[in-house]
Amino acid sequence: MTMTAPRPLGYWLTTLDRLVEEQIADAVEASGLRRSQWRVLSRLALGAITEGSLDPGAEDDVRALGDAGLVEHHGAEYRLTATGHDRVAELQEGPVQAVADRAVADLSPAEQDALLAGLEKVARSLGWLESAG
117 MTMTAPRPLG YWLTTLDRLV EEQIADAVEA SGLRRSQWRV LSRLALGAIT
167 EGSLDPGAED DVRALGDAGL VEHHGAEYRL TATGHDRVAE LQEGPVQAVA
217 DRAVADLSPA EQDALLAGLE KVARSLGWLE SAG
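In terms of this note's numbering, the sequence shown opens at residue 117 and continues consecutively.
The set of hints was computed from the structure by calculation and includes no laboratory data. These numbers come from a predicted model, not from an experiment. Backbone N, C-alpha and C define an ideal beta-carbon position, used for all residues, glycine too. A couple of the hints might just be wrong.
Derived DEER-like restraints, expressed as beta-carbon distance ranges [stated by the list, open to error]:
#1 Asp-133 <-> Leu-170: 18 to 28 Å
#2 Ala-192 <-> Leu-242: 26 to 36 Å
#3 Val-136 <-> Gly-173: 37 to 47 Å
#4 Glu-236 <-> Gly-163: 21 to 31 Å
#5 Arg-150 <-> Asp-202: 36 to 46 Å
#6 Ala-121 <-> Thr-199: 20 to 30 Å
Can you build the whole structure from these sequences, using the hints too?
Below, the structure is given as structure tokens:
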């Protein structure tokens with residue numbers, strides 16, 4: 117494998133983010149969900165969200181996900197249903213994990229560990245706190 121000229125960290129982070137997001141979106145869309153619906157489901161997998169904290173334009177996705185039995189509305193909050201939790205787990209363990217596996221397929225387990233540890237150190241040095249997500 118030929119290495120290209122050195123590129124800055126920001127270039128690689130942006131490129132990886134774009135490639136991973138595109139491939140996850142393709143995998144999720146192949147399962148019948150739109151990219152924007154996957155964003156809503158994966159966000160709700162972290163916990164309920166209030167009506168006021170929905171991204172602009174997400175109302176149609178939430179409505180469609182509700183009609184599909186994946187999201188429910190309780191008071192001023194939206195939550196995943198049990199079926200929604202199962203669907204997120206199915207996607208995360210299947211096509212989403214397959215993208216992650218492909219991304220690191222050329223790395224040894226030690227290189228994978230070093231990559232993740234290095235990225236975490238970079239995030240911490242820029243102010244990321246594990247408790248903040």
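These are the hints, each one checked on the structure:
One distance hint, 18 to 28 Å for the beta-carbon pair Asp-133 and Leu-170, holds here, with the actual separation near 23 Å. Range check, Ala-192 to Leu-242: Cβ separation about 33 Å, and the 26 to 36 Å hint holds. At roughly 23 Å, the beta carbons of Val-136 and Gly-173 sit outside the given window of 37 to 47 Å. The hinted range of 21 to 31 Å is satisfied by Glu-236 and Gly-163, whose Cβ atoms lie roughly 22 Å apart.
Against the hinted window of 36 to 46 Å, the Cβ-Cβ separation of Arg-150 and Asp-202 comes to about 19 Å, which falls outside the hint. Taken as a hint, the range 20 to 30 Å is violated for the pair Ala-121 and Thr-199, whose Cβ atoms sit roughly 49 Å apart.
When held up to the earlier numbered hints, the structure conflicts with 3, 5 and 6 and fits the remainder.
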